[in-house]
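Residue numbers (the working numbering), protein chains in the order written: chain A, 6 to 352; chain B, 32 to 443; chain C, 32 to 443; chain D, 0 to 261; chain E, 0 to 261.
Hint data in this document are derived by calculation from the structure and do not stem from the laboratory. Here the structure is a predicted model, which is why all the values come from computation and not from measurement. There could be a bad hint or two in this list.
[As the list claims (entries may be wrong)] Incomplete in silico selection of chain A near chain B, CB under 10 Å: (1) Ala238; (2) Asn241; (3) Ala298.
[To be verified] Here are the simulated lysine to any residue pairs, SDA-like style, with alpha carbons at most 25 Å apart: (4) A:Lys343 x B:Leu410; (5) A:Lys214 x B:Val275; (6) B:Lys55 x E:Val18; (7) A:Lys214 x B:Ala276; (8) A:Lys214 x B:Phe220; (9) A:Lys154 x B:Leu410; (10) D:Lys225 x E:Val18; (11) D:Lys114 x B:Val275; (12) D:Lys23 x C:Glu299; (13) A:Lys236 x B:Ala151.
Backbone N, C-alpha and C fix where the C-beta goes; we use that ideal spot for every residue, glycine too.
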Amino acid sequence: KRENKEAAAGGTPPAEKRSGGKIALLLPESKTSRYESHDRPHFERKVKELCPDCEVIYSNADQDASKQQSQTEAALTNGAQVLVLDPVDSASAAAMVARARQSKVPVISYDRLITNSDVDYYISFDNEKVGKLQGQALLDKLKADGKDKGTIVIINGAPTDNNAKLFKAGAHSILDGSGLVVGAEYDTPDWSPDKAQQQMEQAVTSLGKDKIVGVYAANDGTAGGAIAAMKAAGVNPLPPVTGQDAELAGIQRVLVGEQYMTVYKAIKPEAEAAAELAVALLRGQVPEGKVNAKVNNGQKDVPSILLPPVSVTKENVKSTIVADGFWKAEEICSGSYKDACASAQIQ
Amino acid sequence: MSAPSTQQAMAVDPRLIQDAPGLKGAWQGFLRRLSQGELGSLPVIIGLCVIWLIFYIANDRFLSAVNLTNLMLQITAMGTISAGIVLVLLLGDIDLSAGAVSGLSAAVMALLNVKMGYGAVPSLLAGLATGAAIGAFHGLWMTRFRVPPFVVTLAGLLGWQGAQLFVLGNTGTVNLNDSFIIGLAGTFFEPAIAWLVVALIVVVHVATVFVERRRREAAGLPLVPLRSTVVRMVFTHGALVAAVAVFTQDRGLPLAALIFGGVVLLLELLIRHTRFGRHTFAVGGNAEAARRAGIRVDRIRVTIFTLASTMAAAGGILAASRLLAVNQSSGSGDVLLNAIAAAVIGGTSLFGGRGSAWSALLGALVIGSISNGMDLLALSSSVKFMVTGAVLLVAASIDALSRRGRQAAGRA
Amino acid sequence: MSAPSTQQAMAVDPRLIQDAPGLKGAWQGFLRRLSQGELGSLPVIIGLCVIWLIFYIANDRFLSAVNLTNLMLQITAMGTISAGIVLVLLLGDIDLSAGAVSGLSAAVMALLNVKMGYGAVPSLLAGLATGAAIGAFHGLWMTRFRVPPFVVTLAGLLGWQGAQLFVLGNTGTVNLNDSFIIGLAGTFFEPAIAWLVVALIVVVHVATVFVERRRREAAGLPLVPLRSTVVRMVFTHGALVAAVAVFTQDRGLPLAALIFGGVVLLLELLIRHTRFGRHTFAVGGNAEAARRAGIRVDRIRVTIFTLASTMAAAGGILAASRLLAVNQSSGSGDVLLNAIAAAVIGGTSLFGGRGSAWSALLGALVIGSISNGMDLLALSSSVKFMVTGAVLLVAASIDALSRRGRQAAGRA
Amino acid sequence: MSANALFALKGVSKRFGAVQALTKVDFEVKAGEVVALCGDNGAGKSTLIKIISGIIPIDEGDTLFEGRKVSLSGPKVASALGIATVYQDLALCDNLDVVGNLFLGREQRSSGAGKAVGWLDETVMEQQATALLQRLSVSIPSVRTQVAALSGGQRQSIAVARAMMGEPKMVLLDEPTAALGVAQTRQVLDLIRRLREQGLAVVVISHNLMDVFSVADRIIVMRLGKRVATFDVKEAKEVEVVSAITGAKKAEVTETLKMEGA
Amino acid sequence: MSANALFALKGVSKRFGAVQALTKVDFEVKAGEVVALCGDNGAGKSTLIKIISGIIPIDEGDTLFEGRKVSLSGPKVASALGIATVYQDLALCDNLDVVGNLFLGREQRSSGAGKAVGWLDETVMEQQATALLQRLSVSIPSVRTQVAALSGGQRQSIAVARAMMGEPKMVLLDEPTAALGVAQTRQVLDLIRRLREQGLAVVVISHNLMDVFSVADRIIVMRLGKRVATFDVKEAKEVEVVSAITGAKKAEVTETLKMEGA
Ligand SMILES: Nc1ncnc2c1ncn2[C@@H]1O[C@H](COP(=O)(O)OP(=O)(O)OP(=O)(O)O)[C@@H](O)[C@H]1O
Ligand SMILES: Nc1ncnc2c1ncn2[C@@H]1O[C@H](COP(=O)(O)OP(=O)(O)OP(=O)(O)O)[C@@H](O)[C@H]1O
Ligand SMILES: [Mg+2]
Ligand SMILES: [Mg+2]
C-alpha cells in the first residue's frame, strides 16, 4: 500500500524552457456574466500579448466544487504548467492545490482566496471591503437624505457561497450600530433574482411599503429582483438600493435612477495582473513589483496583489465604467436608456 | 326532480347506493363518501386552509389583500409551468426540461425585443414558438427513437440551459422595458372590469350546466341530484367571488392571474371535454389499449409535449415580465421541482391517467403559500428549507391518508 | 457437452430455436439475438467506446493511464449513489433525496471528526448511519401514509438540504484532515495487491460457474452452451484485467475504485441471487401480485430505501474524501440528476422490475467520460451543457434503437 | 379456396426471441362465415389474431383483404379495413369509465361549433352505450363506473360490446366467452349468429367445443404454431377435433371423452 | 352445518364506493369437499374469494377457520392458515420467469452458508417446477421464459400450478379453466378431484356448469351480492341451477336450454 504515489505523470516538468506553454484558467460559474464576458477575454488577450505561443486552457465549473476538481485534474492531464484558480469554494479548493503541488505546478488564487493551502499568489479585490463599500454608500446616502434612523432590508447572496458570507460580514460591520434598523434580512439561495424578488415582496408586505428607506442587495441580480418587487408594490420613489458587479443591466438601472449604486471591480486590471503573473511563473521568473500585500490564508502568508473596488453611482459611471471600456457607451445606451445616458453625459 | 327519470332505458342496479333526498340525505352522502375517501380536492383545500391559518396566526398580514395579491402574482409563472407538467403527467411521462425551456424562451424573447429591437408581440410569439418547437422536438425524438421521456427531457434540461447561456451571451442580464411585456405581470384591472369577468364566468357556467341537465333528462339518463350540483357551484363560484373581492381591495384584478386562470380553465376543458383530452387519458391509462383502439399514441404524445413546453415558455415569459429582466439563472434552481411538486400535491398522479388542470392551481397555491409565508416571517435559510420540506410532506400525507379508505376499497 | 442432457425430464419444445453447435452456430445465434434486440449491455458498451474514441481523437491524453485513473476516481461517488438509485428504480420508485442525503451525511461525518474530535471510524459510521436512518424514515413514511416516494423524497431533498446548512452552521466549509478518511479516495494499491485481487475474482467466478453447471447437469436440466459461457467470461475478465493494467501504470489500483466495484458486485449478487432480491424484482414488476404471494411489500420498500440512502451517504463520504472537504453545496447541483441518468443510461428501467447493478457502473462511466472529456477539451460552459445534453440523447437513443427489435417482438 | 375469401393469410411466420410462434400458416375467412380457431394453449391462436388486427408485425408471408395484398402495419390500418377485435387480454383503459372505453377511438362529437374542437357529446354516447349493453344482457351498476372497478366477466362484456361499435366487416373474437356467465354467453353466441346473417366474416377462438360446434361453420385447428387440420362443422365429430388439437390418436381421445361423460 | 366446516363466513358485507358488492353473505366449506360458487357476472363471487384470501378487508361480518374466529387482515395471514388462491386476474409478475413466479414468496434457499443470506437454489427450483408443469400438461417453451411472453392459457396454467406449491389446507380457484385448452382443463379437473381425496377443502368458481357438475359436491349460487341458493350436486338439476343464477323462472330456462341443445 502506498499513499499517493505521484509520478508527476500529469504535469509536464517545468524544466521545459520553451517559449510556449500551457496556462489553465479555472473559473467558478457561468451564471454571472463577469467570468465569461470579462475575466476570460481579458486574461486570454493579455497572455497572447505577452506570450504568443502560450495556450490558455479554460474551464468553468458552474458552481460545483467537485466539477472544478475534475477540471483541475483535466487541466493537469492536459499539461498545464500554471493554474489560475478561482475556486467555487474557497476552503475545499485546498485539495486541488495539493493535486497541483504533486505535479509541481504553481497555483495562483484568483479573485477568491483559497484558504489553508500552499498557494503561490493571490490576486483579488478585498471581498469584505466590497461589503463595506456597499454598506457605506447606503449609509452615506441615507444620511444625506436625513433618513439614517429608518428601516432597511438586507438581501444577501447564496447561503452556500463563502464570498456571500464575506460581503455580508463587511456590510454588517458598517450597518450594525449605525442607527439603521434592519427590518428583514434574507439569504438568497443560488443568488436567484426571482427569489430576491419574492423576498422583497414579503419584506414590503410585512414592513409596509412606506417604511423602507433603503435596501442592501448583495449584487446586481438580487438588486434587480428587489427593485422589480418594489415597483410592483407601488413603492414610489424607490429607496436607494445597492448592488455589485457592474452588470450591464445594473449600470442601466443606476443611470435611470432605479438602483443607487453598484460596486465596480475593475476586472480588466485584475485579469491582466493574473495573466502577467502566470506568464512570469510559466517562464520560471520571480514576479516583482506588482505584489502589494500579504494575506494570511490560515496556512501561510500568501504574496498578494489586491486591487481596490470602486463604488459606482450615476455620477461616476462615465469616469469609471465607460472610461475603462468595461461596457461601451453604445451597449449601455441602447433603446430606452438614451435619455438617461444623455443626462449622465455618456455618448 | 332528484329521482332518476322514469323514461330511462335501464333499471337501476339494486346494489347502487343512492343518496336519500333532501339536505339530510346530501349530508349523509357526503359523510359516506368521506369515509370511502372519495373527496377529490377537498383534502388539499383543507391543507391549504391550515397552512393559511398557521401563517395568519404567525403574522396577520399574511391574509391581507396586498399579500394575497402578491401570492397570486408569485405563483402565476410556476403555476403556468405546472399546468404543462400536469398534461405530461397525465400521459404517465415526466418533463424535466420545463425549467430550462422557460428560461430559454424568456431569453429569446428578451433578445429579440431588447437587443434586436423587434416589437413586443413578435418577440412574445417568438418566445412561445421557441417553447413549442422544443416541445415538438422532444416529442418527436422520444416517439421516433423510443427513448424514455425522462432521458430526452433530462438531455433537454442540460442542452437548453446551455442554449440559454449562449443566447444571453456576454452581457448576461437583460432588462425589459417594453410596456406591453412588462404589462403582462404589471397590469391590474379595475373592479368594474373584474366583476364583469366574474359575472360572465358564472352565467356561462350555470347556463351550460343546466342545458346539459335538460338534455340528459330528455334522453332518459339518470341525473345527479340537483342539490349536489348547486352546492358545488356555490362553493366554486364563492371562491371566485372571494378572490376577486380580495384583488379589488388591493391593486385590482391582475392580468397575470387572469392569464393563469384562463390557461387552467382552457386546459381543464380540453382534457375533460374533448376527443383529444379523452385520448390523452386513454394513453396515460393504458397506452397499448389506446394503440389497439386506433389512437395515434405518438401524435398525442408529441402534441402534449409541445403544449407543455409552450406553457413552460409562457411561464418563463410571465416570470421575466414580473422580474423586469431575464438572466442566466432564469428558469433554473427549484422552478422545475416546484412545478412538478405543485402538480402532484394538487392531486395529479405520477403514474398517468389521473389528474386535472386544477391541481396546478391548487398545488401552486400550497407551495406558493409556504414560501410566501416563510419569507414574510423572514426565517433563516436552513429553517426555510426544513420547514418547506416538512410542510410538503405533511400536506401530501393528509391528502394520501384521506384517500386511504379508497385504496382499501379499490382494486389494487 | 453443449447439447441438452438426455436425462432431462421434459422434451424440448420444437418451437424453441437452438443455436447450432460450433463457433459458426454461436456467431449465427449472436446475429439472431442482435436482430431481435436481445443485447443486454452491448449497446451501452459500444456507445461508451464511441465516446472514448471521439475524445481520444480530439485529445490523445484522454486515454492516458493518468486520465483513466482520474475518470475512475471522478465517478466513484456518483456511481455509488447511482447504485442506490438502481435499487429504488427496481421497485419502480424514485429517490430525489439522494444528493441531499449524500451532502448531509458527509457533513455529519465532518462535524463529528473535525469539530467534535471523534475518531475516523465512528465518524464514518455515524455518516453512514445518518443515511440509513433517513432512508428508513422515508421508507416508513411512504409505506405508513401511502405517500408517493416522489413526494416524500422531494420533501427530503429540501429538508435535508436545510439540515445540512444547519449542521455546517456558520463556518461553512469544513476541511478534512484525518488520514483514514482522506485515504478512502487517496489510497492506491501496488500492482502485486491489485493482481492478487483480480486473480481472486476470476478464480472464484470461474469455480462457481462450473460448480453450478455440474449441478444442473446432474439434475438433468438444460445447459447453456459452454462456448457462450466462455465467451462471456473472456470479455468480462478481459475488461477487468485491462482496467487493472491501466491503474497499475499510473498510481495503482485506487481504493475508491475497489470500494465502488465491491458495492456494485455485492449489490448484483443481492438482487440476482437472494430471496430479498427476487422479492424486490417481484414488487417492481407487480406489487399487487407480490402482496398476494405473501411478500411483505412494505418491508421490502423500507429496506430498499434504507439501503439506497446508505449508499447515497457512502457516495457523499467518498466525494468528501476526494474533495478533502465538506461544504454547504456538497451533494447539491447535478449530483442527483447524474446519478439517476447513470442508472437509466446503464439500462435500468424507470418503470420498475428491470435492471442490474452493473448499469450504475456503465452509466456512471458514460456520464463521467463525457464530462471528463469535455473538461479535457476545456470547452465553454454553454457549449459543454449543450454537448452533454446531445451526447446523452444520442447515447440513450442508440440503446433504445437497439432494443427496438425486441419491442416490436414484445407483448406491449 | 381463398379466391373468394374476404381475408386471407399466406405462409405467415412469426418469431418471438427464441420461440417460433407461427410457422408458415395459411388462413382464410369468407364473408358471412364463422371460422372457429382451435388449438392447445400456446398453439399460436392469439398471435394469429394479433397479426390480423395489425398489432404485431409479421416476419414473412402475405396478407390479402378482398383479394388485394395489404400491409397490416398497425391497428389503425386494420380498423380502417373494417376489422374489429376482442383481445384475449381485453386491453381496456382502467382509468376510463365504461362509456369512455366503449367509444374509445370513435368518440361522438357534438354538432355545430363543438365539432371543430372535438367537443364530446357525452349524452348521446351514454345513451347509445346503455342501449348496447342492455342488448347484450350486461349487468353493471352504472355505465359511469371506471372499468377498473368491474368484475372479470363485466370487463369481458365491455370488450365484446366495444367490437360491435362502428360498422365492421370482419370481427375477431379471442375467447370472448371465457369469463362470461350463462346469460351473457348465450347473448354473445346469438350475436355471432346475427353477425353471420348480416354477412360479416367472424373469427372466434374458443376452448369450449360445445360453443364452437353451435356457432361455427368451419373449424381450423392449430398446433405448436402450425395449422394442422380444417373441419367442416356439419361433417366433423368432436373426437376428431380433439385429437387434432391434442395431437393424440383418435382412439385415446374417444376413451377419455367417454370417461368424462360419466 | 357450519359446525364442522373448515372455513366459514357469517353475514359478510362489503361495499365499494357506491356499490354494495356483498350483502350479509354466509359461506361454509368442509374439509374434503368441493364447493362450486356460481353466479352471474358481477354477482360478487370474486369479491368473496378475495375476502377469504385476505386481500380485501370486510366491512362487517365474521370469519371462522376450524371453528375459531380469525381476522383475515392480509394475504400473509391467509397463507399462514393454509389457504392458497388462484385469482381471476391471475396476479403474476410479468418481469419474472416461470420458475420465479411459481416459487414467489416461498423460494428454495440453498443449504449451508447460503441459507442465512437467503441465497436461492435455482437448480432445485427449476427441477421441481419442470416436474410440476409436466404433471399438469402445461406446454411452455421453457421454464425460464418471462411470464410476460406466455399465452393466456399458459399464464392461467402457471397460476393454477402456483396454488399447488406449498401444502395448502384449502384451495380457492377463481375460474381456473377459463382460458385453458382441452387437455389442460381435464388435468385441472382431475387435480381438483385429487385434492378432495387428500382431504382439502376446495372452492371453485366456474361459469361452465358441465365442469361444475363433474367435480363439485355442493353448488352455492350468488346473485347481485347475495347468496340465493344451495344445491347438492347429486340431487340438483341443471335447469334449477341456471334459473337460480339468472333469476329467471324455471320454465323459461328449460325453454332456452332446449333451444340451445339443437
Ligand atoms: N375494486 C372495486 N371497486 C368498485 N367496485 C368493485 C370493485 N371490485 C368489484 N366491484 C364491483 O362489485 C361487483 C362484484 O364483483 P365481482 O368481481 O365479485 O364479480 P364476480 O361475481 O366475480 O363476476 P365475474 O363472474 O364477472 O367474475 C361488481 O358489480 C363490480 O363492479
Ligand atoms: N410477446 C411474446 N414474446 C415471446 N413469446 C411470445 C409472445 N407472445 C406469445 N409468445 C409465445 O408464442 C406462443 C403462442 O402464443 P399465443 O398467445 O398465440 O397462444 P394461444 O394459441 O393464444 O394460446 P392460449 O390458448 O393459451 O391463449 C406461446 O408459446 C407464447 O409463449
Ligand atoms: Mg390466446
Ligand atoms: Mg369474478
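What hints, given by number in increasing order, does this structure fail? 2, 3, 4, 10, 11 and 12
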